[in-house]
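Quick note, the sequences are listed as chains C, E, G, R and Y, same order. Here the numbering used here is used: the first residue of the first sequence is 1, the next is one more, and so on. Here the numbering used here is used: the first residue of the second sequence is 1001, the next is one more, and so on. Here the numbering used here is used: the first residue of the third sequence is 2001, the next is one more, and so on. Here the numbering used here is used: the first residue of the fourth sequence is 3001, the next is one more, and so on. Here the numbering used here is used: the first residue of the fifth sequence is 4001, the next is one more, and so on.
Hints may contain errors.
[To be verified] Residues on chain Y that point at chain C, a partial pick, calculated with CB under 7 Å:
| id | residue |
| --- | --- |
| 1 | Ala4015 |
| 2 | Ala4019 |
| 3 | Leu4026 |
| 4 | Ala4141 |
| 5 | Val4142 |
| 6 | Pro4143 |
| 7 | Ile4149 |
| 8 | Leu4151 |
| 9 | Ile4251 |
| 10 | Ile4256 |
| 11 | Thr4259 |
| 12 | Val4293 |
[Stated by the list, open to error] Straight-line distance between alpha carbons at most 20 Å, and here's what the computed SDA-like set of lysine to any residue pairs gives:
| id | chain 1 | residue 1 | chain 2 | residue 2 |
| --- | --- | --- | --- | --- |
| 13 | E | Lys1233 | E | Asp1458 |
| 14 | Y | Lys4008 | C | Ala127 |
| 15 | E | Lys1312 | E | Thr1325 |
| 16 | R | Lys3061 | Y | Asp4125 |
| 17 | R | Lys3188 | G | Glu2264 |
| 18 | R | Lys3079 | Y | Thr4222 |
| 19 | E | Lys1009 | Y | Trp4170 |
| 20 | Y | Lys4008 | C | Gly126 |
| 21 | Y | Lys4008 | C | Leu118 |
| 22 | R | Lys3061 | Y | Arg4214 |
| 23 | E | Lys1097 | Y | Asn4049 |
| 24 | R | Lys3188 | G | His2215 |
| 25 | R | Lys3188 | G | Asp2258 |
| 26 | R | Lys3188 | G | Leu2272 |
| 27 | E | Lys1116 | E | Glu1075 |
| 28 | E | Lys1009 | Y | Gly4176 |
| 29 | R | Lys3188 | G | Ala2268 |
| 30 | R | Lys3188 | G | Ser2054 |
| 31 | R | Lys3061 | Y | Thr4222 |
| 32 | Y | Lys4008 | Y | Tyr4304 |
| 33 | Y | Lys4008 | G | Pro2021 |
| 34 | R | Lys3188 | G | Ser2031 |
| 35 | R | Lys3188 | G | Pro2021 |
| 36 | E | Lys1190 | E | Asp1458 |
| 37 | R | Lys3188 | G | Pro2248 |
| 38 | Y | Lys4071 | Y | Arg4028 |
| 39 | R | Lys3079 | R | Gly3119 |
Simulated from the structure, these hints should not be mistaken for lab results. For glycine and all other residues, C-beta sits at the position ideal for the given N, C-alpha and C.
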Amino acid sequence: MTSLATAPAPAPARATRRRRRRNLTLTIGIVITAAFITIALASFLYLPHNPNIPRIPDRLLPAGSPGYLLGTDALGRDIFSQLMVGARTSLLVGAGAALISLLVGTVAGLSAAAFGRLTDETISRGADIMLSIPGMVTALVLAATIGSGALTTILALSAFFTPSFTRVIRSAALSVTQEDFVIAARLYGRPTWFILLRHVLPNVAGVMIVQFTLYFAAGILTEAGLSYLGVGVTRPSISWGMMLNEAQQQVGISSPLAMWPGLAIVIVVLGLNLLGDGLRDVLDPKLARRSS
Amino acid sequence: ASPRAEEGKMILVARQDPGTLDYTKSNLTALRLWIPANVVEPLVYFNQDGSVSPGVAESWTISDDRLTYTFVIREAKFSNGEPVTVEDVIYSLNTMKESPVSQNSSAYQAVSSIEKVDDRTVRITLSRPSQNFWRGMGSTAGLIQPEAAAGTIATNPIGTGPYKLVSYTSNSALEFTVNENYWGEAPAIKDVTVRIITDGTAGLNALEAGEVDTIPVITIDLWEQLMARGLDKSFTMVTYPQIGEPTYAVINQKLDPELRQALAMTLDRQAYNDAFGASWGAENTCTFALPNQPWYEPASAESCPYPYDIEKAMALVAEKGYASTPLEYASLSDVPDLSLPADIMVPTMQAAGFNMTRNAIDLARYSQLIFQGRPPQFDVTVMSGDADPAQWACSDESQASWSTYCSVDYTQALADADEALTDEEYLALMKQAADILRKDAVIVPIIAKKGVGLFEPDLKGFLEPRVAVAIEFAPLHW
Amino acid sequence: MTIERRPLLALRDVTQSYQLPRTSLFGPRSSFTVLDGIDFDVCAGEAVGLVGESGAGKTTLTRILTGMERPQRGQVEFDGQDLWAAGAAERTRFRRSVQMVLQNPRSSLDPRMRIGTALLEPLRSLRIEGNHTRRIHEVLDQVGLDRSALGRFPHEFSGGQLQRIAIARALMPNPRVLVADEPVSALDVSIQAQVLNLLKDLVQDLQLGLVFIAHDLSVVAYTTSRVSVIAAGRIVEVGRPVELFTRPAAPATRNLVDAVLTVESGLAGTAL
Amino acid sequence: MTAPAAIEVRDLHVVYDGLAAVRGLSFTVPAGGRMGLVGESGSGKSMTALALMGLLPPGWKAQGTILHDGVDLITQTDKALSARRGRTVSMVFQDPMSSLNPVRRVGDQIADVIRRHGGVGRHEAMGQTIDLMMQMNLPRPEQLARSYPHQISGGQKQRIMIAMALACYPQLIIADEPTTALDVTVQKQVLRLLSAATRERNSALLMITHDLPVIAAMCDTVAVMYAGRIVEYGPVRQVFRNPRHHYTRGLLDSQPTMDNIALDGSSRLTSIPGMVPPLPALPSGCAFHPRCPVATDICRARMPEIDAATGAACWHPVAASQPAVAS
Amino acid sequence: MPIYIARKLAFFILAVIAASIAIFLLIRGAGGNVAAVVLGKDATAEAINALAQQYGLDRPMVVQYFDWIGKLLQGDLGRSFRTNESVADLVVSRLSISIPLCVSGLVLGLLIAIPAGTYSALYSDRPLGALVALLSQVGIAVPVFWAGILLSLLFGVRLGWLPTGGWTNWDANFWGAVRSLVLPVISLGLILGASLTRYVRSAVLDVMNQDYVRTARATGMTQMQALLQVGLRNAALPIATVVGLQIAELIGGTVIIETVFSLPGLSRMILANVAAREVIVVQSTVMLIIIFVMLINLIVDLLYGVLDPRVRLAR
Ligand SMILES: Nc1ncnc2c1ncn2[C@@H]1O[C@H](COP(=O)(O)OP(=O)(O)OP(=O)(O)O)[C@@H](O)[C@H]1O
Ligand SMILES: Nc1ncnc2c1ncn2[C@@H]1O[C@H](COP(=O)(O)OP(=O)(O)OP(=O)(O)O)[C@@H](O)[C@H]1O
Ligand SMILES: [Mg+2]
Ligand SMILES: [Mg+2]
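Looking at chain C on its own, in the form it has when it is part of the complex (with noise of 0.2 Å):
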């Protein structure tokens, strides 16, 4: 009766072939989340040029051209040096937005599952109506009453993703207050404060990362949507959305500009996207069917 065999894992049956294609979702994931982390931090220690500063006599060379890998913008900037440059706004911004959230939101959201009908209905209820916000609309009168800029961004964000934090930490912190784990430690005495800190928190951290890296995600778009639009970030910092604004201005000659700051964008939110699934499978099996 001692004898410890290793015991059944959940769904031991399910599939090797789906565990692979998760693998290889994860393993992109991680590739070009990596890379893009990569790159900002780098932008730090090296680029091949100066983003800023103009070279006139350089402007609009295609990519290929001595000098410059993706070739330059209408003031003979580097484009391979604004993309790097634009790397570092975006993982601000974005990571800046998601973590603002995320903490906020998992404050909220364990208070309204931990303290008590009256705490949960004000928590949730707010979280809904700051929900049927338009968050651009938000941001828009935001970035006009703060002054535009990353920060300011990064603000907007984080005011209208931390209702779906709240919301989604929320519902797995009430599943895991409703295990009979936490009734045991109420049960011996623990404090609401500790359950929270030591069972819960642990028990939804998986839901908080798929969370923060899929909203990692959607702050980059929702940068670049302010960036093109004027309002989000300006120089001398450089956005990918700003980069795109400027670019339309050249589109009727160089449509490549448009390209370039585009294509970071897509890869970069479809990297994290594909790392939070290839998470939430890994980290949240119970959540992997739903993806909200």
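Let chain C serve as the given structure and place chains E, G, R and Y with the ligands on it in line with the hints.
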């Protein structure tokens, strides 16, 4: 050929939405392109050749001392059918006199009275001779509207022009049709639509696709594209000075004059011009004018007190220790043409050693800084706009506003010019005034862009603007 | 055998009700009485069973028994003292002395906590001093688990093993009463017997008071020596298992007895 | 062999990407017969049932032969199978709470089945539905028929499920743990109903459960499954009174009975040590050998087949005379 | 059900009030002297103060808020500072673009998402199913404006089939108006469709894994019948909820798309008026949009009540 030729119609493209049509309160080019001359007429028209033709005023007399102007008002009707009365004229002129737009009100600086003489005659008395006044009567300052319709001026301005406004849908279109009550010859084209297409490429596409007939004002950012697409060949391209916008750097007057001069030396006119890839349409200049103005001069060793010289600028920075002065370049984020100058200038200034940060700020915030009692935070900015040197004038620092040059000398010089009795005298005095401005490196001219328009080849008769920048529909015909 | 009974843990006339969600726009919210005048007790070394249909109020009763909920009326007495009137020290003693085993072994343990840590949790929480390692080894021996279990995570164990671990955790603070709410209903037949035997042994060896809940009368009857039948929030009958089986008095008891299927009756063709 | 069997399964395997949940199952349910499939969680009972219905989860494949109504179900197309499901073979699932369409009235759900296979009109189908519900001892059937699933109790829902399964007089009805999710007190009524109704229609019954007493009460023959295989197969009476496989024996011994109870605490249940092996880690040879008290080398090396004489797949069967349950 | 409706209505009203306060504070907090911006750069200080007084912008915030709300309740959305046009008129004229754009975008999105999502849920093992899933992943990663730029490059600049932007009024040229909406609607619909595909896919996957679908199959429905008769009806509930929530995002998408294609729609109007600090116009318009989104969500909730007997019959 345009399908509209048969129907007697024409579609023009505008790049900017005017927002409001109240020309007494707004001086946006987007508005002044379409409403004056077509819908609302000034008292007189100044022609290309220097002659003056009648507008709302049928005839006029100017006293020899140039202090009394007597206008005989035409027996005409406004487009709403109401007759033009002397009261309407007096109301209109008084409104312009009070206009918040200094360009309008400044024409009236010397005016001491506007009186009715009889049912058809108005007399205006000046305290001193004024070139501005007389020119203003042929410009927006002289536009005549019916007092009764003043309430709806922002959406439906009424006038005596050859056309009347049918509808204005903001961000979409202005629709015009001929004014049956027009006093002059009926124009050839009956219906005119001005479609607002803010995206320049989209505008060119629409023209190329034959959806529209003309883009009378094409901004510099599209010139390269226009050439690349060969549109100058397939369409009639006109260039004319009136609509061109000179671009100038504005350096905060509070800065040390030598610092200002060093900054001015970093302004690389040629690079700026080249950045548009269309050097045919713009000229480097250090004068404060459009090429149609007599005191205009292209950039040259003589005309530029502080030509581009980065080495010298660097030397000055090093010598005077300017690197320790924090400077701020306010780039207006919601005015698209203004980010390009910043893109070029800020790195250059930084390269010269200035401690320059670029600060994106929107127009509203910018205005806040100026009007709410707080001193402007900005130190350098770039503007483009009208070439009227009087607009900077500011007699003392309490009047400082955005892009003003507060200088007693300058104000005085302009006033002297204003009082000139002859054109020669006026020109000479204006040159002197411009010299003061130029030397002080507060408002530093960079380039003068031309007005460029593309017309469907069959559309003929384009006339250069007579009333400020207004594109006149009436002379156009298929 | 009827010496003076000194109950370790007892409920006296306990009533509990919950507010129901609104059913009409205006008008008062109705409430629903889950427990109604319950008397219930358990002595040291005694296994007491509680059976009843689903929704009869069994789980609610355990919540009151373990001090997680305060009843609206009636007393919870531990060692003769009213729990809700007692001081802090008394409450702490209660917390240490009354432990619980829950229904679902898999959800009873935090999947992200090693077994060793999970076992220490009650000691830490209840601030029990002493040689914790020795205590853990002692308890592991009692429930028949290997020491190698300590470093592992819950997912590495089977349901039966997890239920043992849950029992072990409940035993850590050296409790005097163990409340087990349907501890075997999620287990396989062959495993169920292991756990039932373990619980029986613990009562004997440690002189524990055991409150054992199930809706299967035969399981309860096997494990306990006294059974209370609860129906619609009231205790309708109390008795020795054999007696309840053979002479059920209350209709609710009869229903439960009727519901019991055995292989024997099935083979005899009398089951249905 | 007079009447054809309701279903005949030969060497059934249910596999997924190299994993086998069911490994070589053979059994026959005669027409009108009642067979029990018993085993612990994960032994492959549900997979067998779903294979018979042709409703395996995506990715799972059934191999072997399933003869029913003269055809091999394994070779049939989904369309052909659809025409059979609910008509010649039907199934009652474990959880009545989630097995009914929450947005459709229960009466309509029954009537749908009748209309789908009976080719009768709307009105007539409803009439038959009410009849059927009456036969299921459902109170006030007209009113109940208009209810939605969430408005009725679990026992009632399971009766509705049984009504749907029986609506077209199928030759075979498969019941996968039909009472595990129900309250103990309702279980017996539902079983009684299922028993009577299948008998009435002369439908064969394949009863799937982990509950030995339920098999004893309901079935004639029983197949005991362990890790995807049948370890013992025979008439219920014979298997339960005289189990020959050590696993069956162990299961019977783990069961609390009147005897244990009567002894009032002093008796002990015999339990099977260890636990059911997970699919990817099946032991070699006889899958039960790690838990078997009499396992030898041969058990570890070779997989035993069902022995015709003992009915058990065991190298060392329990001696014939040892009774498990006192009789 | 009455309780359900009452709760939802009460929440709706609460939400609208909360949103109105938030919007008011947000917009009034915006920097910039409203009057100064409105009057333009050559305005004199006296003119600015006069305008501020004329529009009551110098009164305390609370007074301004209640003034605004009071008028809003009477259906008066206020007037533009610059043109004195009534905001209601402005909005209505813009809606003739924004509503067709939004609605067709949504419809196109659903037309793409429902079949694609369903297919990839049912046949995730088939190459086409995997492809659909992949495409939807890629589609989610594509910024809507980039899709717009690319489409206009291809169909507008390169092929010249459709206008790259701009707007013709409906009454001026109906087909011209339709043509100018084609690319915007496609961009919006494709991107929305991609993300909805994911939701539909997971909703269908969820529902098709439910026991009751297995029951339907066990009683003789084919896979397709089960999908159509049981699956979609049940999947409709979560999908409706998601669509309700996506409306907010859809509106965000139209802001950008209207900019890409120079469509003078509602969102563009807001953008322009934010820049011009036309606070009344922005406040009222944003408020209208929010009320609209909340109304949609209210309708979805009530619809949920109708579609789902569990809610409907809960008295
Ligand atoms: N917090 C609560 N609020 C309202 N009703 C409750 C609450 N907790 C329990 N109930 C109700 O009280 C009744 C008794 O519940 P309890 O869980 O005690 O029953 P049980 O006997 O344990 O049933 P089961 O055998 O299903 O576990 C049930 O009808 C339940 O719905
Ligand atoms: N959808 C699935 N995917 C992968 N593996 C599965 C799936 N369904 C069941 N299995 C595995 O197949 C094996 C047999 O499962 P099955 O459901 O037939 O068991 P069972 O005997 O019905 O058990 P229970 O009594 O728990 O219902 C188990 O090991 C299970 O883990
Ligand atoms: Mg319970
Ligand atoms: Mg099963």
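Structure-based check of all given hints:
A hinted interface residue such as Y/Ala4015 counts as satisfied when its beta carbon comes closer than 7 Å to some beta carbon of chain C; here the least separation is about 4 Å, so the hint holds. Below 7 Å, beta-carbon pairs count as interface contacts, and Y/Ala4019 has one with chain C at about 6 Å; its hint therefore holds. Hint status for Y/Leu4026 relative to chain C: holds, with the closest Cβ pair at about 5 Å, below 7 Å. Because the beta carbon of Y/Ala4141 sits about 4 Å from the nearest beta carbon in chain C, less than 7 Å, this interface hint is met.
Interface restraint check for Y/Val4142: the shortest CB-CB distance to chain C comes to about 5 Å, inside 7 Å, so the restraint holds. Interface hint status for Y/Pro4143: upheld, as the beta-carbon distance to the closest one in chain C is roughly 5 Å, under 7 Å. Look at Y/Ile4149: its Cβ gets to within about 5 Å of chain C, closer than 7 Å, so that hint holds up. Given the 7 Å rule on beta carbons, the hint for Y/Leu4151 is violated: about 12 Å separates it from the nearest Cβ of chain C.
At its closest, the beta carbon of Y/Ile4251 sits 4 Å from a beta carbon of chain C; the interface hint therefore holds under the 7 Å criterion. With its C-beta approaching chain C no nearer than about 5 Å, Y/Ile4256 sits inside the 7 Å limit, and its interface hint holds. The criterion of a C-beta within 7 Å of any C-beta in chain C is met by Y/Thr4259, whose closest approach is roughly 6 Å, and the hint holds. With a cut of 7 Å, the hint placing Y/Val4293 at the interface with chain C holds, because the nearest CB-to-CB distance is about 5 Å.
The hinted pair formed by E/Lys1233 and E/Asp1458 meets the criterion: a straight-line CA distance of about 14 Å does not exceed 20 Å. Pair hint Y/Lys4008 plus C/Ala127 holds up; C-alpha atoms about 15 Å apart against a cutoff of 20 Å. Proposed proximity of E/Lys1312 and E/Thr1325 is supported: the alpha carbons are some 18 Å apart, at most 20 Å. Pair hint R/Lys3061 plus Y/Asp4125 holds up; C-alpha atoms about 14 Å apart against a cutoff of 20 Å.
The hinted pair formed by R/Lys3188 and G/Glu2264 meets the criterion: a straight-line CA distance of about 15 Å does not exceed 20 Å. In summary, the hint linking R/Lys3079 to Y/Thr4222 is supported, as the alpha carbons are separated by about 6 Å, within the 20 Å threshold. Taking the CA atoms of E/Lys1009 and Y/Trp4170, the gap is near 18 Å; set against the 20 Å cutoff, the hint holds. Distance restraint check for Y/Lys4008 and C/Gly126: the Cα-Cα separation of roughly 14 Å lies within the 20 Å cut-off, and the hinted pair is therefore satisfied.
At roughly 17 Å between alpha-carbon atoms, Y/Lys4008 and C/Leu118 fall within 20 Å of each other, so this suggested pair holds. For the hint linking R/Lys3061 to Y/Arg4214, the alpha-carbon distance of about 17 Å falls within 20 Å, and the restraint holds. In summary, the hint linking E/Lys1097 to Y/Asn4049 is supported, as the alpha carbons are separated by about 18 Å, within the 20 Å threshold. With a CA separation close to 14 Å, the supplied pair R/Lys3188 and G/His2215 stays within the 20 Å bound.
Restraint check for R/Lys3188 and G/Asp2258: the C-alpha separation of about 8 Å stays at or below 20 Å, so the hint holds. For the hint linking R/Lys3188 to G/Leu2272, the alpha-carbon distance of about 7 Å falls within 20 Å, and the restraint holds. With a CA separation close to 15 Å, the supplied pair E/Lys1116 and E/Glu1075 stays within the 20 Å bound. A distance of roughly 16 Å separates the Cα atoms of E/Lys1009 and Y/Gly4176; the hinted pair therefore holds under the 20 Å criterion.
Pair hint R/Lys3188 plus G/Ala2268 holds up; C-alpha atoms about 16 Å apart against a cutoff of 20 Å. Between R/Lys3188 and G/Ser2054, the direct Cα distance comes to roughly 15 Å. Compliance with the 20 Å bound is thereby established for this hinted pair. Between R/Lys3061 and Y/Thr4222, the direct Cα distance comes to roughly 18 Å. Compliance with the 20 Å bound is thereby established for this hinted pair. A C-alpha spacing of about 11 Å is found between Y/Lys4008 and Y/Tyr4304, which places the hinted pair at or below 20 Å, so the restraint holds.
Between the alpha carbons of Y/Lys4008 and G/Pro2021 the distance comes to roughly 15 Å, so the proposed pair stays at or under 20 Å and holds. Restraint check for R/Lys3188 and G/Ser2031: not satisfied, since their Cα atoms lie roughly 32 Å apart, outside the 20 Å limit. Between R/Lys3188 and G/Pro2021 the CA atoms are separated by roughly 33 Å; this puts the pair beyond 20 Å, and the hint is violated. Of the pairs offered as hints, the one joining E/Lys1190 and E/Asp1458 holds, with about 16 Å between alpha carbons and a cut-off of 20 Å not exceeded.
Between R/Lys3188 and G/Pro2248 the alpha-carbon distance is near 18 Å, which keeps this suggested pair within the 20 Å criterion. Proximity of Y/Lys4071 to Y/Arg4028 is assessed by CA-CA distance (about 17 Å); at most 20 Å being required, the pair is judged to hold. Of the pairs offered as hints, the one joining R/Lys3079 and R/Gly3119 holds, with about 17 Å between alpha carbons and a cut-off of 20 Å not exceeded.
Violation of the numbered hints given earlier is confined to hints 8, 34, 35; the remaining hints are satisfied by the structure.
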